[in-house]
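Participant: Make the complex out of the two chains shown on their own, each in a separate frame, by following the hints.
Protein sequences appear in the order of chains U and Y. Residues 5 to 137 in the numbering used here are what the first sequence lists, from first letter to last. Residues 837 to 1034 in the numbering used here are what the second sequence lists, from first letter to last.
Hint data in this document are derived by calculation from the structure and do not stem from the laboratory. As the structure is a computational prediction, the values presented were derived from the model and not from experiment. Each residue gets a CB set at the ideal place from its N, CA and C atoms; glycine is no exception. Any given hint could turn out to be false.
Listing some non-contacts, in silico: residues in chain Y with all C-beta distances to chain U over 10 Å [claimed, not checked]:
| no. | residue |
| --- | --- |
| 1 | D889 |
| 2 | K933 |
| 3 | T996 |
Pulled a few chain U residues facing chain Y out of the computed Cβ check, cut under 7 Å [to be verified]:
| no. | residue |
| --- | --- |
| 4 | F59 |
| 5 | V63 |
| 6 | N65 |
| 7 | S104 |
| 8 | T107 |
| 9 | T117 |
| 10 | L121 |
| 11 | N124 |
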Amino acid sequence: MNNYLKIFFVCFFSIFVGACATSGVVGESNPESGKSEIIEIQNKSLAKKVSIKDFKTRVVNDLLNVQAEIQNNFNSTQEFQYKFSWFDTTGFAVESGGDSWKTLVLHGQEAKTVQGLAPNPTARKFKIVLRKL
Amino acid sequence: MKKWIKPIIVVTVASLALGGCATVKYGDAGAVETTTVDFGSTDLQGIASKMVDSLLTFPPMVEATSKRRPVMFVEKIKNKTTEHIDTESITDTISTKLLRSGKFRFVDMTKVQAIKKQMDFQQDSGLVDQSKAVGFGRQIGAEYMLYGNMSSIVKRDGSTKDVYYKFTLKLMHLESGILEWQDEKEIRKTKSKSLFGK
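Just chain Y, same shape as in the assembly (with noise of 0.2 Å):
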């Protein structure tokens, strides 16, 4: 080997090592991501895209939106898997999806108290002008009820690591308690260890 190829090949191996370590970038918040078998975030997109694009597409779903915007809120996804699941940022990005489709209205249950806290101080504090003060008894119900369940089935044979979620979610009527639609999505993830791997 010639004299002045060793070196070449030291420096380009050891620049390309030691380019390696410390670099933070910002990737693709939409891109597949596989780093585990874990519920991750191409799950989350998959779901909710899924559930949405159902939803609006349903027929009767279709004619009860077409001239109004119904008002809906959603109530807890229960989590029946055995991992930590999010499940409230599933719904978040359900309903920001068919808030700003144009279809649909929230009401936020989870600021009731904030609210009624709100209210009272404009009514009662004595310090808000009576006639702009914002009245009891004024708000819109909700007319459906979103709300749904998680579950997993989580097998392990030897170095194969197999994991199946099921996402169902769910439409009630709030008056006539009629299901009015139901959808679910399957996700299937197989993890297999190489030889070398952990």
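Same shape as in the complex, but just chain U (with noise of 0.2 Å):
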């Protein structure tokens, strides 16, 4: 294969890869189980950037209010988005769609809390996804 060829497909592959939103990492956590986990990884790359460190829920006014800790551990300046999405004791998505992504910026090796309020007392568990556009 020539050179011009080889600089052509990894033009045409760069730009397909450039386009897509990379999918990301979730975390689920129940207070009233206790258990708290990273439950996929969608994207092994960012899960190697960031991880969750801790889940940490309460009630508050009937609401659960949820906070998770975001480690960056790589050295350089990471920004991703993340989103919170809550489910009821069935397992039924409760007001899906009405959590926005929010953007996040990590200085190297920095955590820092992002924290959540349950639209409704009918939330029991949430997610929490992490995302790199």
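Facilitator: The following block contains the structure:
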């Protein structure tokens, strides 16, 4: 294969890769069972860069109030997005589509906490999704 | 270069270029939007989310809403920025979230004339069964008023534009005139023109 062809294929694939929004890392916490864990890693590269260190939950005014601590494992600044989604005791989504993506910038090795408040008292567990665009 | 390579490159590049034309697609309404530095959907969602979370977890409001659902009304948000911003849309999102939390109820002051007209019709037209007509003087008055303002500072330096927004929301107890809760949300957006950009 000559050099022109190599350059063409590199450019061709970089257009597609550059256009894709990467999916993310999904963490789930159920305060009733006391279980919090990373349940899905759709993007291994992102999972290496950031990790969810800690989940905390409490109930304020009958509403589930949650906090997740997110750590940047790299020395370079990372910018990504996160979103909470809420579920009732039977696993049905509560006010699905209500939460929007929020941007989070973490400097090298920095850890930050992000908080969310359930939209209504029926929400009893939550998921947090991290993604990089 | 081999003879067959050139046509493949031409066809592929052309199909990519043509494929990019006139594409209509649905996007994620909750996605982060950074098209311009002007006020946008992500700012609206961020403001509403911060204000609702703050109001619902503020200890005196937790106490006030633990056993009952107080009634409030929304007064206009004063837009002190130089931009046209639909502040009613912000308060609509905030009141929707508060209402759906099950902690507050609202009276809609924008519909007072329409309600009065309908009640006059029920009482005076002679067409409505009076035993089923809605009576005057039974509405519940609002206990709290939600109001606030939005301001901005815009600075330009050559190719850089910096916009700072501050949204302040207040909750007043109508009977006592006391501010029961207040919070603000700050947003900073900066746009730098690229060498070849507009």
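Participant: At a threshold of 7 Å, is the proposed contact between V63 of chain U and chain Y supported by beta-carbon distances?
Facilitator: V63 of chain U check fails; min Cβ-Cβ to chain Y is 11 Å, beyond 7 Å.
Participant: Take the shortest C-beta to C-beta distance between S104 of chain U and chain Y; is it under 7 Å?
Facilitator: 4 Å, holds
Participant: How about T117 of chain U: closest beta carbon in chain Y under 7 Å, or not?
Facilitator: 14 Å, violated
Participant: Minimum Cβ distance from N65 of chain U to chain Y below 7 Å?
Facilitator: Where the cut-off is 7 Å and the nearest Cβ of chain Y is about 4 Å from N65 of chain U, the hint holds.
Participant: Please check whether the beta-carbon of D889 of chain Y is more than 10 Å away from every beta-carbon in chain U.
Facilitator: Nearest chain U Cβ is 4 Å from D889 of chain Y, so the label is violated.
Participant: Does the closest beta carbon of chain Y sit nearer than 7 Å to the beta carbon of N124 of chain U?
Facilitator: 5 Å, holds
Participant: Quick one, is the F59 of chain U hint okay against chain Y at 7 Å, beta carbons?
Facilitator: 18 Å, violated
Participant: Verify this label for me: K933 of chain Y is non-interface relative to chain U, using a Cβ-Cβ cutoff of 10 Å.
Facilitator: Incorrect as stated: the minimum Cβ-Cβ distance to chain U is 7 Å, not above 10 Å.
Participant: For the hint on T107 of chain U, does the least C-beta distance to chain Y fall short of 7 Å?
Facilitator: 5 Å, holds
Participant: Given L121 of chain U as an interface hint, is its Cβ closer than 7 Å to any Cβ of chain Y?
Facilitator: 4 Å, holds
Participant: Would you assess whether T996 of chain Y, listed as outside the interface, keeps its beta-carbon beyond 10 Å of every beta-carbon in chain U?
Facilitator: Non-interface label stands for T996 of chain Y: nearest chain U Cβ at 18 Å, farther than 10 Å.
Taken one by one, the earlier hints fail for this structure at numbers 1, 2, 4, 5, 9, listed in ascending order.
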